[in-house]
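Novice: One-letter residues, chain by chain:
Protein chains: 2
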Amino acid sequence: MPTTQHVERHFTAGDVVRDVVIGMSDGLTVPFALAAGLSGAVDASAIIVTAGLAEVAAGSIAMGLGGYLAAKSDAEHYASERRREHQEVREKPGAEVAEVAAIFQDYGLSAEESAPVVRALTQSPDAWVDFMMRFELGLEKPEPGRAARSALTIAGSYVAGGMIPLAPYLVLASARQALGVSVGVTLLALGVFGYVKGHFTGARPVRSSLQTVLIGSLAAGAAFLIARAIS
Amino acid sequence: MPTTQHVERHFTAGDVVRDVVIGMSDGLTVPFALAAGLSGAVDASAIIVTAGLAEVAAGSIAMGLGGYLAAKSDAEHYASERRREHQEVREKPGAEVAEVAAIFQDYGLSAEESAPVVRALTQSPDAWVDFMMRFELGLEKPEPGRAARSALTIAGSYVAGGMIPLAPYLVLASARQALGVSVGVTLLALGVFGYVKGHFTGARPVRSSLQTVLIGSLAAGAAFLIARAIS
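These protein sequence lines are chains A and F, in that order. FYI, in the working numbering the residues of the first sequence are 1 to 231. FYI, in the working numbering the residues of the second sequence are 232 to 462.
What the hints contain is simulated information worked out from the structure, not anything from laboratory work. Treat the hints with caution; some may be incorrect.
[To be verified] Only pairs whose alpha carbons sit at most 25 angstroms apart, straight line, appear in this in silico SDA-like list of lysine to any residue:
#: 1; chain 1: A; residue 1: Lys72; chain 2: F; residue 2: Ala379
#: 2; chain 1: F; residue 1: Lys372; chain 2: A; residue 2: Gly156
#: 3; chain 1: F; residue 1: Lys372; chain 2: A; residue 2: Arg207
#: 4; chain 1: A; residue 1: Lys141; chain 2: F; residue 2: Gly452
#: 5; chain 1: A; residue 1: Lys141; chain 2: F; residue 2: Phe431
#: 6; chain 1: A; residue 1: Lys141; chain 2: F; residue 2: Met364
#: 7; chain 1: F; residue 1: Lys372; chain 2: A; residue 2: Asp106
#: 8; chain 1: A; residue 1: Lys72; chain 2: F; residue 2: Gly452
#: 9; chain 1: A; residue 1: Lys72; chain 2: F; residue 2: Pro356
#: 10; chain 1: A; residue 1: Lys141; chain 2: F; residue 2: Thr432
#: 11; chain 1: A; residue 1: Lys141; chain 2: F; residue 2: Arg435
Being a predicted model, the structure only gives us computed values, none of them experimental.
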């Protein structure tokens, strides 16, 4: 049953997974790269822990609130477009009828072929508005309460991801020693995260795993070289 | 003309604007908050510049490559779903006909009302597949070359945003002095950026401006308090 498969795939790559991926991708990568970069310039773990935790606080708040506002603004955009479609359906039904016909024309359908659908839609304004929201504007109805949940999921995933590369610096006083452990632990975590992410989002897990490790390595390498060059 | 207005709005909030917003939101916020946070713990601008530039390198690479892979994987997902729809249309046309009818049923249309559309679609398999991609799966055809452009736009915007809060630390040797200038300059930049962002994305510009300033302030405040508490 193709329909069932589609539904399943959309479910597994759902909003929560998307938010965890957003938060954890950056949470694992940026604090890791910052700590590795600073290790190229200073040998005191204390300063790296301070910078790392400040970054985790800043990054999780910025991404969490950013996600909150993005979801809020999607919901407001949907509501305002819906009001507008309602108004247009009421006040300029002729223009809206032409828009429905135009949508079908894009798929090679003549006005006669789409006429029964157009006629049926004009008879129930609510369904008509729903149809226009989805098929003219391409907007999906946002889930209520999504903004706050999205913010907490993104921020929490960022913090969880960020603590992994920082943990060795919390334990080992020498940043050079901590760096080696942090690189090992974080590359492993990036590999596992990339694999799981690939599995959930429908990408090939092994390739997703390698790509995630590569991004983390490039970011950390660049940060290390820059910090060493200017220190 | 409602259609023209829709087209215009979709154009102004286009992909490039979206990528600039993604990169610059985080670029202005996270290096700003990190530098402000470290100023709560150390007074040497040199260490803050090192950490700040390492963060800008790490953040821009992580976000740029992340955007690249996201766009690539959208394009691959679209192509693989399209192949699958083609196959389904060829091998199980009966099931696909039922799916088209089911789409219209969701809008209260009977099988007779949607029959002419279904019949017309079955006569041109390409249009049928296009229709299913958009209306069953809700997928938009990705623009070719988008992945690389998206990566460069995001990374460039992150660097451009990140240099604003760091500039005062490059000029002033005392981090405490630089902090005051950085806060002033960055809050102003966040306000202007939020206003322009609101204008382009259709949100109320003044509110968008205030929200952007608020996120930056909260992130920087939290980073400052955490860095001071552990140092």
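Novice: Next step is simple, just say for each hint if it's right about the structure.
Specialist: So, going through the hints one by one against the coordinates:
As the CA atoms of A/Lys72 and F/Ala379 are separated by approximately 29 angstroms, the hinted pair breaks the 25 angstroms bound. Distance check on the hinted pair: F/Lys372 and A/Gly156 sit about 33 angstroms apart at the alpha-carbon level, beyond 25 angstroms; violated. This hinted pair checks out: F/Lys372 and A/Arg207 have alpha carbons roughly 23 angstroms apart, not beyond 25 angstroms. Under the criterion of a C-alpha separation no larger than 25 angstroms, the hint pairing A/Lys141 with F/Gly452 is inconsistent with the structure, at around 35 angstroms.
Taking the CA atoms of A/Lys141 and F/Phe431, the gap is about 22 angstroms. The hint holds against a cut of 25 angstroms. Using a Cα cut-off of 25 angstroms, the hinted pair A/Lys141 and F/Met364 holds, with the two alpha carbons roughly 18 angstroms apart. With a C-alpha separation of about 14 angstroms, the suggested pairing of F/Lys372 with A/Asp106 holds against the 25 angstroms cut-off. Restraint check for A/Lys72 and F/Gly452: the C-alpha separation of about 23 angstroms stays at or below 25 angstroms, so the hint holds.
Of the supplied pair hints, the one linking A/Lys72 and F/Pro356 is violated, its CA atoms being roughly 39 angstroms apart against a limit of 25 angstroms. Taking the CA atoms of A/Lys141 and F/Thr432, the gap is near 18 angstroms; set against the 25 angstroms cutoff, the hint holds. A threshold of 25 angstroms between alpha carbons decides the hint, and for A/Lys141 with F/Arg435 the separation of about 21 angstroms falls inside it, so the pair holds.
The structure fails hints 1, 2, 4 and 9 (numbered hints given earlier, in ascending order).
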